[in-house]
Structure formats: structure tokens, C-alpha cells
Amino acid sequence: MGTLPELFQAWFADRGWAPRPHQLALLGAVQGGSSALLVAPTGGGKTLAGFLPSLVDLHEKPRPEGKGSLHTLYISPLKALAVDIARNLTAPVEAMGLPIRIETRTGDTPANRRARQRVDPPNFLLTTPESLALLLTLPDAGEMFAGLHAIVVDEIHALAGTKRGDQLALGLARLATLAPGARRIGLSATVAHPTPLRAYLSPTGRPEDVALVQGAPGAAPSLDILLPEGRLPWGGHMGLASMPEVYRRIRGAGVTIVFVNTRAQSELCFQALWRLNDDNLPIGLHHGSLTVEQRRKVEAAMADGRLRAVVATASLDLGIDWGAVDQVVQVGAPKGVSRLLQRIGRANHRMDEASQAVLVPANRFEVIECVAARQAISANELDGDPPREGGLDVLCQHILAVAVAGPFHPNDLYREVLRAAPYASLSRQDFDDALRFVEDGGYALQSYDRFRRLFRDAEGMIHIRGPAAARQLRMNLGTIVETPLVKVRLRGGPVLGEVEEWFVSTLTAGDCFIFAGQMLRFEGLDALACIVSRGGEGDPRVPAYAGSRMPLTTHLAARVRGILHDPKSWPALPESVREWLRLQQHVSVMPPRDGLLVETFPRGDRWFLVAYCFEGRLAHQTLGMLVTKRMERLGMAPLGYLATDYVLACWSAFEPHGIERLFEEDILGEELEAWMAESSMLRRTFRNIATIAGLIEKNHPGQEKSGRTMTMNADLIYDVLRRHEPDHILLRATRREAAAGLTDVARISLLLARARAGGIRHMALDRASPLSVPALIEEGREWVAGGAQDALLAEAADLVAEATDGADLFNEILANVTEAIPPRGDRDRARRPRDPKRRNARFIRSAPKNLGAPR
Amino acid sequence: MNAAPLHIAGQRLMLDPAGVAIWPAEKLLVVSDLHLEKGSSFAARGSFVPPYDTRETLERLALALRRWRPERLVLLGDSFHDRHGCARLHASDCAALQRMLGALAQVVWVLGNHDPEPPVGLPGTATEEYRHGPFVFRHIAQPGRAVPPGELSGHYHPKATMPVRSGAVTRPCFLTDGRRLLLPAFGAYTGGLEVRDPAIASLFPRGGRAFLLGAERLFSFPTGPLRGAAPVPETANAPP
Numbered sequence: 001m002g003t004l005p006e007l008f009q010a011w012f013a014d015r016g017w018a019p020r021p022h023q024l025a026l027l028g029a030v031q032g033g034s035s036a037l038l039v040a041p042t043g044g045g046k047t048l049a050g051f052l053p054s055l056v057d058l059h060e061k062p063r064p065e066g067k068g069s070l071h072t073l074y075i076s077p078l079k080a081l082a083v084d085i086a087r088n089l090t091a092p093v094e095a096m097g098l099p100i101r102i103e104t105r106t107g108d109t110p111a112n113r114r115a116r117q118r119v120d121p122p123n124f125l126l127t128t129p130e131s132l133a134l135l136l137t138l139p140d141a142g143e144m145f146a147g148l149h150a151i152v153v154d155e156i157h158a159l160a161g162t163k164r165g166d167q168l169a170l171g172l173a174r175l176a177t178l179a180p181g182a183r184r185i186g187l188s189a190t191v192a193h194p195t196p197l198r199a200y201l202s203p204t205g206r207p208e209d210v211a212l213v214q215g216a217p218g219a220a221p222s223l224d225i226l227l228p229e230g231r232l233p234w235g236g237h238m239g240l241a242s243m244p245e246v247y248r249r250i251r252g253a254g255v256t257i258v259f260v261n262t263r264a265q266s267e268l269c270f271q272a273l274w275r276l277n278d279d280n281l282p283i284g285l286h287h288g289s290l291t292v293e294q295r296r297k298v299e300a301a302m303a304d305g306r307l308r309a310v311v312a313t314a315s316l317d318l319g320i321d322w323g324a325v326d327q328v329v330q331v332g333a334p335k336g337v338s339r340l341l342q343r344i345g346r347a348n349h350r351m352d353e354a355s356q357a358v359l360v361p362a363n364r365f366e367v368i369e370c371v372a373a374r375q376a377i378s379a380n381e382l383d384g385d386p387p388r389e390g391g392l393d394v395l396c397q398h399i400l401a402v403a404v405a406g407p408f409h410p411n412d413l414y415r416e417v418l419r420a421a422p423y424a425s426l427s428r429q430d431f432d433d434a435l436r437f438v439e440d441g442g443y444a445l446q447s448y449d450r451f452r453r454l455f456r457d458a459e460g461m462i463h464i465r466g467p468a469a470a471r472q473l474r475m476n477l478g479t480i481v482e483t484p485l486v487k488v489r490l491r492g493g494p495v496l497g498e499v500e501e502w503f504v505s506t507l508t509a510g511d512c513f514i515f516a517g518q519m520l521r522f523e524g525l526d527a528l529a530c531i532v533s534r535g536g537e538g539d540p541r542v543p544a545y546a547g548s549r550m551p552l553t554t555h556l557a558a559r560v561r562g563i564l565h566d567p568k569s570w571p572a573l574p575e576s577v578r579e580w581l582r583l584q585q586h587v588s589v590m591p592p593r594d595g596l597l598v599e600t601f602p603r604g605d606r607w608f609l610v611a612y613c614f615e616g617r618l619a620h621q622t623l624g625m626l627v628t629k630r631m632e633r634l635g636m637a638p639l640g641y642l643a644t645d646y647v648l649a650c651w652s653a654f655e656p657h658g659i660e661r662l663f664e665e666d667i668l669g670e671e672l673e674a675w676m677a678e679s680s681m682l683r684r685t686f687r688n689i690a691t692i693a694g695l696i697e698k699n700h701p702g703q704e705k706s707g708r709t710m711t712m713n714a715d716l717i718y719d720v721l722r723r724h725e726p727d728h729i730l731l732r733a734t735r736r737e738a739a740a741g742l743t744d745v746a747r748i749s750l751l752l753a754r755a756r757a758g759g760i761r762h763m764a765l766d767r768a769s770p771l772s773v774p775a776l777i778e779e780g781r782e783w784v785a786g787g788a789q790d791a792l793l794a795e796a797a798d799l800v801a802e803a804t805d806g807a808d809l810f811n812e813i814l815a816n817v818t819e820a821i822p823p824r825g826d827r828d829r830a831r832r833p834r835d836p837k838r839r840n841a842r843f844i845r846s847a848p849k850n851l852g853a854p855r
Numbered sequence: 001m002n003a004a005p006l007h008i009a010g011q012r013l014m015l016d017p018a019g020v021a022i023w024p025a026e027k028l029l030v031v032s033d034l035h036l037e038k039g040s041s042f043a044a045r046g047s048f049v050p051p052y053d054t055r056e057t058l059e060r061l062a063l064a065l066r067r068w069r070p071e072r073l074v075l076l077g078d079s080f081h082d083r084h085g086c087a088r089l090h091a092s093d094c095a096a097l098q099r100m101l102g103a104l105a106q107v108v109w110v111l112g113n114h115d116p117e118p119p120v121g122l123p124g125t126a127t128e129e130y131r132h133g134p135f136v137f138r139h140i141a142q143p144g145r146a147v148p149p150g151e152l153s154g155h156y157h158p159k160a161t162m163p164v165r166s167g168a169v170t171r172p173c174f175l176t177d178g179r180r181l182l183l184p185a186f187g188a189y190t191g192g193l194e195v196r197d198p199a200i201a202s203l204f205p206r207g208g209r210a211f212l213l214g215a216e217r218l219f220s221f222p223t224g225p226l227r228g229a230a231p232v233p234e235t236a237n238a239p240p
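First to last, the sequence lines map onto chains A and B.
Residue numbers for the first sequence follow my numbering, beginning at 1 and rising by one.
Residue numbers for the second sequence follow my numbering, beginning at 1 and rising by one.
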């Protein structure tokens, strides 16, 4: 336990506060010279606790201005958080008259201030992992950090286990070399497993070297489950049916955050709330695709209490403490307990008062999931991913960054890297390969000798050759790889935000879509942006973003399965859900806790197979691909499949039988191998890895359209490399990451093992069972031929041929054919028959028709 | 591999899904935009993309030559990614190329914007434009309607996006209106330009037909006239 100097005690007393035990415990640990991890619920005064040791130290030993003045480095995952903390810290520093200068350094910091910070650093420097990485590439980084006393890593649970976290871990290892005296302080929300976090923070990579300080648990949150009036929807994830109730809750409370799961959902909920908003309550919208200025405006309005509610996505999961949030509404299933707790914690950042939260399930399965989440929270069970190994791509970038900062010896750097927990088990072979990659690409065919980026001197020290590499590195630093985005600009007006490029490519002039809370009409593309005007008529679409949906966690899935299996737990469910389950019992059986229930039934002109796996959408997607491949081999002629978080549904031309063979564990063998190599997931992973490792240039939004692009398509590189050097370090990194990221593959093998042990219960029904309905009306179907695009092309070509009567003699005939089909963008759209397929495009959902523009 | 016949200027050409065209009557094979040594060109600027592109491209070309056994080979320009590309050839690639070309009766290097100078030390003759029978082979298609039928060119790297049931598929393609033929880029590291792009679409004011490259066959689609997007084919109804 540390003790506070009188000045500090008086400051606390003046405010009617008393230092919390964990604040003093952390102070004691750090004053004892140890690094420490503080785990405390939101609202526990964590940030102040993290800075307290530094405040006290500087109070006792003030630092002179100039080179050695940097005392504490604060790193947060969010720029905005760094800025906000700087503001919050200024108050106590000024009130106590402490001789401390606090500054931030982020991408937004003006160049002149950044230059000054190098000569005359502040005492507290607040920054992000990316800005720290940039700082470390400066040749004078050593001098700047030499006197560093403490490093505070905020929201460490959100960084560890990600590539940003890998980069930070390597940066911390570098700092440990530059400033061996600096102790580390980690601040984390409540997590299931604090030990990996301690290891992550540890200067040695060992958890024992970091003291653990646990804050008292906060008051248990009060959790309501809100059902829509009238019928409970069978399917859908948007939860729009519950908006009237949500609106009433907003009206009844002071300030509300309405959390949703996807950006598309946020746009729709926002629209729906404004349609109901007869009282004209100020309701805002916040998601990651809006412009930074817009988000800041909403955040500022929220902080000033000018908003009654904000509809937000994960963009608000972390961040600024607004203090005055009275309730949190979660629309749609929570998907994970830890995530839900984090969100609930945004309400009421005072830890001793219960947070008010409302769960709004969008369909029947989600009701069960919400009940399961509530049980998990009251049983105090959190889910969490096990730690993963650091990425080799991040290591490549780091090696180049170290080289840019100054010459190094590979042995020294290898030892240093091992002290970063994510790289603790890095083999020398991988390290050397990464180094060789940075040097000249590291290919077996050594034809790039004369273009080397690095050279070794007589003592084995590695130097960088020429300034070009440094420039390249600084342009591409960081581990966040954006999908190509296009700005959305109002004609003659401001930029509203960004949507993914592929979404724009599906738009035709005159199409309208909902974005930034408005109905927009697509006018066209110019060099830099997608030009829109306000208003527009017809079916609006909603830009969705690939991969924005979180899969259900294993832990929560197990609880859902448990509830379904055990009728004794049904009284916790609302009546309509109970009735649904009883109907299922009557028509079929309930999914067993162990083992696997598979139903087959005819419907329309095809056969359906529904497997109740409960392993999350990603796992089901992969499983769907594997099972349909197997069905194809067995001659069942599968046509397509669909994955939800709960079930996998496949449909086929012929009746599936011998179900056991479809779920044998060996489907994970060849079929998976074959699929993996071709899968778009692996290609996407490779693109990210190649970008982070510095093989291809980063997308700089807006810039790629101007000037000639010198980047090369990652897919082409992937194909060539896979054929000619399948063991190259980047391909190894890709496979490793896919295997780890594919926790879904691990989940599939778990599921198959469970099916083998518990047995497969096959129910051959004559029609759809109640439990299968939500899946059958789900959107987002995958077509068999997910990899075999050729089959789809052939189908499309045949249909065109059919439509044009097989006219493959062109010249005159072709002209007739093509002229008969008006080009897109024709003003006279009414005459064009509405194309039924467009609405099936993946990720693009049609908004309900009854939505108008907000007022 | 099923090649598709195409009649231009009274002659029958075969379009090979590998991305080459053959004029069987003259035992002539046409290929465009090899962009050899693009990898090392990037490496010179500090971007170490895998150096196997030349090898890959030559292997694919050798396959096509084995399949069609032509006597003549016409390369429609941009055979090397830059003017020093030829000098950077790896010894083994250079030998393979020489062997391959040496077996042919005639090799014509049409010069492109990337390789405006003839390659040094390789068999064949270089020219800005090559005429044979009714055909003219050039790197960049001549704009305008007045071009007589029978122009074969490369340069644009045409690719087309076709909407299919689950989204869209983009592939390199041949593009023709029965008068001129644009060949897809053959090189391993060559990207593509959408046929809807005005640069390509303006060459086909009355629209044309795109032949998308598939693994075993070509997929043919009409493309709309100027600036028009490819029409969306009607497809069967989706399940439930």
C-alpha cells in the first residue's frame, strides 16, 4: 500500500473523495520499483490510479526542462482518449500546482509541435501505439526516452492479442533497451484471464514480474430484457420491431447509448428512432465510417449533455468517460459476455452504482442468447480468447523500423524481441527469415541482391542503405489495413464519411441508400469521392461492411445450448419463446447438450438439411463449405448453404441421407486443405500481411485514384508465390494467422468430436421444424461454388445465351442484342424491369420500405 | 481447355482460355502484355515482390505453345515491363526464352509503351506494327470507327466484372466487336482495366462481346455500348 503526500490527500479531501484502495495499492507496487497491472471495472478511477505514481514522483522530484524531461509515457488505443485524458489530468495538476507539463502526440499533432517535443519533451507524453512506433524510428529516440520513469498502457485488454498489440509489445521491448529504468503500468477492464495480460505487460515476458492489483468489483449491473409489443420476430438481426419500446426507454431516461452490432444496423435504428421521435429528442449517430469531425461533434455534444441518446457501434466500446450516461441499450444479441460488460460499463462510470442496461433481442434465438448472457453475468463468468503468438508481418515492419532508427546487431535485436511476450517463443529461424525479408525479400531465388535495403558491416552490425526505405516505412507504418474506401460527398457540400469501394461499385446513378443517418441519392463518382444528393425515392439500401459482425463466443454458445436442452431452465424465457420451443419438442426434438441434432425435410423443390451446431457464424460458414463439398461427392447435388450463429442450413436437389458421413471428422482433411488454398479468407489474410510487412504499399484513402498507382494486386503476388516458393515467410505467416484466426476451424473440430462422442441425432421430417425457421428466413446465403466461380459464370453465360437465343455470331446480331438492353444509368429507370438479383447481393440489405427520411 | 472460335475479317481465330489467340490457318499465335521482369522492376524501387513472375509467365507461355504448336509467334507489345527488363532476365529464364523462341519459324516483337526498344539477344524481329493477311497487329488500338476490320491489340489489359448469384466475378477477358480484338494481358503480375472504363469502352461504340477467362473455357457476355455497364443476366430464383 502506498501513501499519498499531504498535498494529494488534501486534494482528494477537497473534492470529498478518498483514494480507493486499488489506487493506493498500485502506487505502492510502482513505488516499490515493480511493474503492475491494474484490473478494475469501468468507473473505478483507473486512469488516475495509473498516473498517481508519476504525479507523486514528479511532486517529490521535479524534472528540469530540456532533453531529459520526459517522465511518463501514456499509450492508449484511441487518439481521442489520449486527448481526453490530457484534459482530465490538467485539472488535478493545476489544482495542486504540480510542476508538470502534459502534451499529446498523435497523427493530428502539428509538425512544429512534434519537432519541439523532440528537443524539449513534456513530462507526460500521451500517445497511441502508432505514434510511439514512429517516435522510435527517430535517430534521437534514445536520448528522448533515456530518462523515462513510467509507461502507462491504457485499455490494455483491447490491445493485447491484436496486431496493434504486437506492434506495441515490440515497441515496449525497444523502450526497455533505451530506458531500462522505466516501469510499466497496465490498466485493464475486468477480464477472464489476467495472467496473459501480465505477461504481455512484463518487461521479461514472464507474468510473475508484474504485480497484479485488482480493484473491487463494481455493483452488479441491472439488466432488463426488452421484447417488442406484439409478436416476437422469427428472424432478422436489426431489432427494428422493438424501436417503439427503445424510444420510450430513451424518453424515460436522462442520457442513453443505444449500442448495435453493425454499422448498417446503426443507420436503420437511427432512422427508425427518428421516425418515432415526436418529442424531437436530440438523438445522434456514431459509427466508424463517419468522418472524424462528425464523430467528434457527436462526442462533444454527448459530453456537454446536449444529446439524449446516441446510436453507436463498437466505435464507442472504448473511450472517453462521459460520466452522465444513465442507461445502455443493447439492440441485437450481445454475442459475448465480456463485450457486453464493456458496453454496459459505459453507463454510469461510477463503479459503486449499478449500471442500467437493457437488452433488446431481435429474434427468438437472440432472446435465448440474451437470457444466457444475463445468467453468465450474474454467475460472473467472462469469456476471453487465449493469447496468440505475435505476427511475423509485424515483426518485419519492426525490424525495418529499428534499422531506420540506427544500426543494430541481429543477436541483440533477437534477444530484445524475445522479451516481448507475443514473441517469447519466436524461433531464431523465423527471426532470421524476417530479417532477410526486410533485406531483399528473402526469396530462394536470389535475384534482388543489388537492390538490398540493408547491409552488414565488418562487425556484423546492420545498417540501412539510403533514405528511401525510411520514407517508405513512415508512409506504411502501422498495422491497421483498411479495405479500399470511397468518401461520400454531398454535391457541393461536405464529406459525410466513407463506404467500402465494392458497395459503391454496385450502385447506379439514381439508387438511394441510407448513410450518416440520411437518405442519399447516388449521383456518380468523381476522382476522389462518391457524389450524392439528399433525398431520393424508392427502396433505400444500407451499406454494410464485410466482416463487421462478431461471431458468438464459445462460452455463450455453450450456455445457449444448455438452456435449449434443459426445459427446467425455460421459465426464465418469455412465453412466446417457450411456446416456440414446446412446438419444436412436439414436431422434432431439442438439440442435445452433447451430440448434434440434424434435421432434413423437403421444401419447395429442394431438400433442406439443418444442423444445430451453435459454434458461431464463422465456424458454420467454413463447415457449410466443407459439408456441401462432401455432399457433392456423395451425389446429393447441394445448391447452397447458409450460416447463422446457431445453425448451418444446406439445401440440395436430392434427399440427403447417411448424415453421419457428412459430419465425419475427416472432412477437415483434404477438403479443408483444398479450400484453404483457394479461399478468399486466405487471400485477404495475405493481403493484410503483405501490407503490414511492407511488401505492398498501404492504401491511402483518396490518394490511389490520383496519379498512377504503383501497387500490385496482392492476389497476383499470392498466386505466383504460392506456386514458386510455398514456404516463404509471408506464406508461413499467412497460414499461421489463418489457423489461429480460424478459431472457427478449432471450433469445427470440437463440434465434430462432440458429434462423434454424443452421436448424431438425425430427424427426417416432412416439413420445416419451428427451430429451423429463423435460419430459413435469414439473409446472407452462400452459394456452393463459393470457390468455384467458374460454375457461376457458366450459369450466367448460359442464361444470357438463352435470353439472346444463342446468338454467338455477332456483328449485326450482336448490335441488336446489345442495343436492346439499355445501359445502366439510363434516366428512364421506370422502364427497366427491376432486377431481382440485385437484392440478393451479399452484404447488401434492403431497408424496410416504411422508412422515410429523418426530419 | 476449350478454345472459342471467333470470326474476324473473314478469318477464323481461336481464343484460348489461357489468354492467347491463335490463327490456325497461318499457324500463328498471338499473346500480349507479358510484362516480363515486372517483379525486378518493383524491386529496384524497394518493393520486393516475389521474383518468380518471369518464370511463371514463361511457363504459361510454354504450355500454350505446346498445345497449339504454332510456327509464328506475335507478341503484341509490353513484353518487358521496362526498357531494361531484357537485361535483367535471370540466366535460366533467358535460356528458357531463347529455347522457346528458337523453335519457332518466326517471332515478331511488336513494340509497346513499356518496351519501346527491341529486346537484345533474343530471336525475332521488332516492329511498331505488323501486318499479315487481313490483320494488323499493334500494341495500342487505333481509336475511331474508320479502322478496317482485323485489328489485334493489347495494352489495355481488359477485364470484366460479371454479376453472378453471389456477388460478382472479375476476370481478364478478350474483348471484340467483330472488327477488332483486344487481348487480355498475359503476364503473371498484370492487373486489369475494367471494360466499362471510357478508355476501352470508347473503342467499342456499338458495344462488344467480352470473353472472360475461365479455368477450362471462356465465358462470353455482351457488353453494353459506350459507358454502358454490362447487362445483368436474368438468373433463376434463389431458394426460399
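No wet-lab data here; the hints were simulated from the structure.
Values in this document were obtained by computation on a predicted structure and should not be read as measured data.
Just so you know, not all the hints are guaranteed correct.
With the C-beta cut set under 7 Å, the calculated list includes, among others, these residues of chain B facing chain A [said to hold, decoys possible]:
| no. | residue |
| --- | --- |
| 1 | G46 |
| 2 | P50 |
| 3 | P51 |
| 4 | D53 |
| 5 | C86 |
| 6 | H90 |
| 7 | A91 |
Beta-carbon label-pair distances, calculated as ranges [said to hold, decoys possible]:
| no. | chain 1 | residue 1 | chain 2 | residue 2 | range |
| --- | --- | --- | --- | --- | --- |
| 8 | B | P5 | A | R456 | 56 to 64 Å |
| 9 | B | D197 | A | E65 | 42 to 50 Å |
| 10 | A | R113 | B | Q142 | 44 to 52 Å |
| 11 | B | D197 | A | S533 | 22 to 30 Å |
| 12 | A | L212 | B | D197 | 43 to 51 Å |
| 13 | B | Q142 | A | A468 | 38 to 46 Å |
| 14 | A | G288 | B | G191 | 23 to 31 Å |
Positions of the beta carbon are idealized from the N, C-alpha and C atoms, including for glycine.
Results of checking the hints against the structure:
1. G46: Constraint on B/G46 satisfied, holds at 5 Å.
2. P50: OK, holds: B/P50 within 7 Å of chain A, min 4 Å.
3. P51: holds, 5 Å
4. D53: holds, 6 Å
5. C86: Nearest chain A Cβ about 14 Å off; hint violated.
6. H90: Given a least distance of 5 Å, the restraint on B/H90 holds.
7. A91: violated, 10 Å
8. B/P5 with A/R456: 56 to 64 Å: At roughly 59 Å between Cβ atoms, A/R456 and B/P5 fall inside 56 to 64 Å, so the hint holds.
9. B/D197 with A/E65: 42 to 50 Å: 59 Å Cβ-Cβ, so the 42 to 50 Å window is violated.
10. A/R113 with B/Q142: 44 to 52 Å: Because 57 Å falls outside the window, the suggested range is violated.
11. B/D197 with A/S533: 22 to 30 Å: Because 25 Å falls inside the window, the suggested range holds.
12. A/L212 with B/D197: 43 to 51 Å: violated, 60 Å
13. B/Q142 with A/A468: 38 to 46 Å: Given about 39 Å between the Cβ atoms, the range holds.
14. A/G288 with B/G191: 23 to 31 Å: holds, 29 Å
Of the numbered hints stated above, those contradicted by the structure are hints 5, 7, 9, 10 and 12, listed in ascending order.
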